[in-house]
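Modelling step: build the complete structure from the supplied sequences, incorporating the hints.
Residue numbers (full-length UniProt numbering), protein chains in the order written: chain A, 1 to 224; chain B, 1 to 301.
Since the hints were derived computationally from the structure, they do not count as laboratory data. Note that the coordinates shown come from a computational prediction; the quantities given were computed from them, not determined experimentally. All C-beta atoms, glycine included, are put in the ideal place defined by N, C-alpha and C.
Derived coverage of chain A by chain B (criterion: at least 3 residues anywhere in the stretch with Cβ under 8 Å from a Cβ of chain B; other residues may be distant):
| # | stretch |
| --- | --- |
| 1 | 3-9 |
| 2 | 16-23 |
| 3 | 51-59 |
| 4 | 72-86 |
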Amino acid sequence: MQEPKYRSVFDIIGPVMIGPSSSHTAGAVRIGKLARALHGMDVERAEITFYGSFKETYRGHGTDTAITAGILNMDPHDERVREALALAREKGVAVEFLESTQEADHPNTARVRLMTDMHMSELVGISIGGGKVEIVEILGFPVHLGGDVPTLIIRHIDRHGMIARVAQVLADYAINIATMHVSRKGKGEQALMTIEVDELPPADALTAMQAYDGIIGVSLLYLP
Amino acid sequence: MRFRTIEELVELAIRHKMALSEVMIAQEMEVTGKSREEIIRRMDEQLTVMERAARRGVRPETRSRSALTGGDGAKLLQYIDQGKHLAGEDVLRAMAFAIGTNEENAAMGLICATPTAGAAGVVPGVLFAHAPRLQATREQMINFLFTAGAFGYCVANNAFISGAQGGCQAEVGSATGMAAAALVEMAGGTPQQSAHAFAIALKNLLGLICDPVAGLVEVPCVKRNAMGAALATVASDMALAGIESRIPPDEVVQAMYEVGKRLPVAFRETALGGLAATPTGRHLAEMVRTKENIETYDRGR
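See the structure below:
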């Protein structure tokens with residue numbers, strides 16, 4: 001017999017979440033939280049652009065509050081989600097919301113740009129229903145990530161040996177690579193590695209990669 | 001112990017002389033490898049979330065960010081207290097808790113989806129209204145949720161439970177059938193009677209479209225949860241009276257699936273048809289879209 005779509009009774013009596021909408025609220029928290037994980041540090045300024053249905057309904061659904069909660073590292077079931085805008089202000093995080101009339105491929109699309117001092121990171125996330133999300137762009141590079149398996153995001157300079165060095169660190173920590181994708185803006189320019197791994201890499205492994213010349217930044221995205 | 005259809009679920013309960021809730025627990029243990037205690041503890045936690053959501057939702061001050069909904073659960077409870085109501089008190093209380101839960105959802109409160117956030121009021125509404133008079137123990141209340149979950153599981157795996165896929169019949173329709181079946185078990189009915197209550201309830205919501213004003217889970221969702229809770233109660237009564245659904249429950253699920261697939265996209269959560277497309281629906285949507293100072297709304301300025 002084929003495995004059923006819904007396996008557990010808690011797929012039906014659950015999930016426990018902050019309302020009102022799994023796609024427009026719970027999913028938005030996850031997009032914000034993945035953006036925070038990519039950024040890898042406390043945020044000073046956030047600029048969020050909504051597209052499609054997110055743009056049309058974010059005020060009523062609290063998508064703006066939800067995404068801010070994620071940027072502050074909250075989970076979708078955290079009861080502080082609804083106070084996230086006030087909490088951001090208390091913490092001195094400046095959050096700005098923009099509405100884009102540009103066509104997006106998916107109705108529930110948000111672009112999140114985070115800044116701290118001179119450090120900037122940016123991703124585009126889509127909320128695909130039931131609280132599930134996908135990251136479709138990181139720093140201008142097209143990607144395809146769900147964040148539900150540990151994923152290393154490595155920004156580096158396009159030059160020989162970078163993949164070997166990263167792979168060596170993973171081997172040293174006995175971490176198996178599930179999938180790997182590398183792309184670059186142009187020869188010798190900025191490049192991005194996305195590596196899905198089977199084991200959760202410790203902070204030391206990230207530091208070891210970061211130490212190599214030519215590696216600009218390493219972050220770990222994982223929201224089980 | 002594995003079931004995929006309502007027929008298989010009922011058959012397992014009869015063969016092993018078990019309650020439907022027990023069959024659900026047994027399958028959950030088998031599928032997840034978790035212990036009975038662990039599974040029951042988790043359902044106890046879901047129940048606690050539902051209790052809190054319903055209690056918070058029926059406070060008069062509950063308001064959504066759009067200010068389109070809030071305070072109606074409280075109104076209904078006050079009305080019951082005046083003693084001049086027409087329908088039975090338990091039916092009205094089921095509606096009040098269903099409304100309250102959905103108003104809490106719209107107000108960005110913590111809720112438990114049953115089976116979705118938009119339909120989260122029906123199952124707890126029915127449970128909290130009837131548990132006191134049926135003198136249900138905590139264990140029986142937890143079992144109510146397993147039985148509701150068992151029927152929802154069959155719907156989800158053989159049809160759909162989201163408004164975007166199947167319209168409101170897939171959300172409030174499924175929730176109403178789930179609540180009706182679980183209420184029969186809590187009232188001492190047989191597994192077959194639960195299945196008939198489920199079928200009778202869902203049959204009467206076939207074709208219900210999903211047409212949320214401004215695309216928000218508020219209008220008409222909150223009131224549809226109330227009606228779902230009322231319908232679940234009377235469907236349970238019909239089944240307990242010995243009335244049977246001529247169409248078997250699995251075929252009703254199949255019919256719901258067929259109807260949902262053929263619903264135009266305008267009636268599947270897109271806010272392009274039905275109540276959302278009425279002059280007032282459009283006007284409210286424009287108000288929500290442009291409103292700068294929505295209640296409790298803080299843009300951090």
